[in-house]
Amino acid sequence: MLDLRLPDHGVYCDLNVPSDNNTVNTKNKVQMLISLGYGVIALSTEMPSTTKTGKTKGKENYPQPQPPVVLDQDVKDQLKRDKRRVLVLTRITIEMENNEDAIKVRSILLNSKFDIVAVRPKNDKMFLNCKDLPIDIICMDSAAEKMPFIPKPNLIKQVVGRNVYFEFNYSPMIRDDVIMQRTIMNGLRVAEAGKGKNVLLSSGALVPMELRGPRDVGNMSMLMGVQQNRAIDSVQKNARSVVVHAYTRVTAKSAAVIQYSPLEEGTKRSSNQDLPEAKKVKLNA
Amino acid sequence: MVRLKHRYVLAEVKFADPKKFYHVNPHRVIDEITGIVTKVHGISGLAGVKIGLHVKYLNEYSKLVLIRVRSQYHQKLLSALPFIKTMPVKMPGVKARSAPEGVACFLNTICVTSTIKDAQKRIRTYGKRTMDRLLSECKTEEERTKVCKVFAEHSQPEEMEVDEEELEDEKEEEENGK
Numbered sequence: 034m035l036d037l038r039l040p041d042h043g044v045y046c047d048l049n050v051p052s053d054n055n056t057v058n059t060k061n062k063v064q065m066l067i068s069l070g071y072g073v074i075a076l077s078t079e080m081p082s083t084t085k086t087g088k089t090k091g092k093e094n095y096p097q098p099q100p101p102v103v104l105d106q107d108v109k110d111q112l113k114r115d116k117r118r119v120l121v122l123t124r125i126t127i128e129m130e131n132n133e134d135a136i137k138v139r140s141i142l143l144n145s146k147f148d149i150v151a152v153r154p155k156n157d158k159m160f161l162n163c164k165d166l167p168i169d170i171i172c173m174d175s176a177a178e179k180m181p182f183i184p185k186p187n188l189i190k191q192v193v194g195r196n197v198y199f200e201f202n203y204s205p206m207i208r209d210d211v212i213m214q215r216t217i218m219n220g221l222r223v224a225e226a227g228k229g230k231n232v233l234l235s236s237g238a239l240v241p242m243e244l245r246g247p248r249d250v251g252n253m254s255m256l257m258g259v260q261q262n263r264a265i266d267s268v269q270k271n272a273r274s275v276v277v278h279a280y281t282r283v284t285a286k287s288a289a290v291i292q293y294s295p296l297e298e299g300t301k302r303s304s305n306q307d308l309p310e311a312k313k314v315k316l317n318a
Numbered sequence: 007m008v009r010l011k012h013r014y015v016l017a018e019v020k021f022a023d024p025k026k027f028y029h030v031n032p033h034r035v036i037d038e039i040t041g042i043v044t045k046v047h048g049i050s051g052l053a054g055v056k057i058g059l060h061v062k063y064l065n066e067y068s069k070l071v072l073i074r075v076r077s078q079y080h081q082k083l084l085s086a087l088p089f090i091k092t093m094p095v096k097m098p099g100v101k102a103r104s105a106p107e108g109v110a111c112f113l114n115t116i117c118v119t120s121t122i123k124d125a126q127k128r129i130r131t132y133g134k135r136t137m138d139r140l141l142s143e144c145k146t147e148e149e150r151t152k153v154c155k156v157f158a159e160h161s162q163p164e165e166m167e168v169d170e171e172e173l174e175d176e177k178e179e180e181e182n183g184k
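Protein chains in written order, with this note's numbering: chain A, 34 to 318; chain B, 7 to 184.
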């Protein structure tokens, strides 16, 4: 059948795995995720805002996606035996503080070298700016600062109606207690306004031992006020709609995928004369 | 008499190196769980979880743990389990226990059931899957017979301590199912 780069329903996704030049570490992380049962992995690169790096001219300074990961032969054989498919995508997270950052976001959206585009706003102004852009994820990371901005319920409802989700990272919570308190506070605020349907959980793991299984991650979203019925949606259903949104952003108004299907043995392709009249190709209108 | 309901959580202990062997003690597992639940849910959360807390089954070779909780408080336990980072563990051939911080590990929950029978079924299917995976990696018949022997000796999920209350639970569940 068709070989689209889209996951099936019911596949567990992890959409934020930081990847650097250290290829051995990323390979170990990807292999640990495969052994835990995940089906979609997105390797992310960071882009800091202009207040830290200073003004840069030209598009040559934009970061490039990392080269693809090469897995061990054992893991590949195991995947073949189980008939499992694992998608590895690329993602970029952009910090937004000025108007220049908004210009960067628009130019990166046009380039389309990355599969998923995520944004981390730091002000109320930037949050209003990114509300209308065709982004996939809004990152709500309160890593080392106080809460950057307080989102209002009306704005959250408008954003969720367009299938854009709010993302939280769970491995900083495991590392530090103060960050755990802040992320749970933010998560409660966001889940209140959207009735618990707009939360996405992903790892920001630096080391393979900070990753957790998919059901554990779903149970962690219960701390943020999500009901037990919908706890697993934060890893399954919401993540899948983000991947589909990213795929449709690259396509035009409609897309056609043409694929050559292999013939079964013993059949011939019927010519135009063998078909009944209603199915014949009529060239003269 | 009001019927007491329980939930059984089946989890796998994952270490950094899957091929090394560690001796895991059920009392240490309970100590870790109580420490984590106080950190996340406070003293009142710990009080509820600690009523019916018991480790029913622990296999050091397959690293499976079966934990029992009262059903009103199983959500508190489930939401606090992912935050476990280390566990004090005994190395084979060494008299003293390892450092008080312990070895880096985490718990991966597999399923949550309401009776011990369902948990035993899942343990059996999990064991079959790992056995199939190991047998497909073997290349000679000697290795295959070795693997089958080890699994037959060390996997005995039926030998669990079952109380009278749990037997009544299972009988009522069967009657309701019919």
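Calculated directly from the structure, the hints in this document are not laboratory data. There's no promise every hint is true.
Here are the computed lysine-lysine pairs in the DSSO-like style, where the Cα-Cα straight-line distance is at most 27 Å [said to hold, decoys possible]:
1. A:K109 <-> B:K123
2. B:K26 <-> A:K60
3. A:K109 <-> B:K45
4. B:K145 <-> A:K113
5. A:K109 <-> B:K177
6. B:K62 <-> A:K116
7. B:K155 <-> B:K20
8. A:K60 <-> B:K91
9. A:K113 <-> B:K152
10. B:K123 <-> B:K91
11. B:K155 <-> B:K91
12. B:K127 <-> B:K62
13. B:K127 <-> A:K60
14. A:K113 <-> B:K134
15. A:K146 <-> A:K312
16. B:K152 <-> A:K60
17. B:K45 <-> B:K91
18. A:K116 <-> B:K45
In silico contact screen, one side only, chain A against chain B (beta carbon under 10 Å); selected entries [stated by the list, open to error]:
19. G70
20. D110
21. E128
22. Q269
Virtual Cβ for every residue (Gly too), placed ideally from N, Cα, C.
Quiz item: Of the hints stated earlier, which fail here?
Solution: 1, 3, 5, 6, 10, 11, 13, 15, 16, 18, 21 and 22
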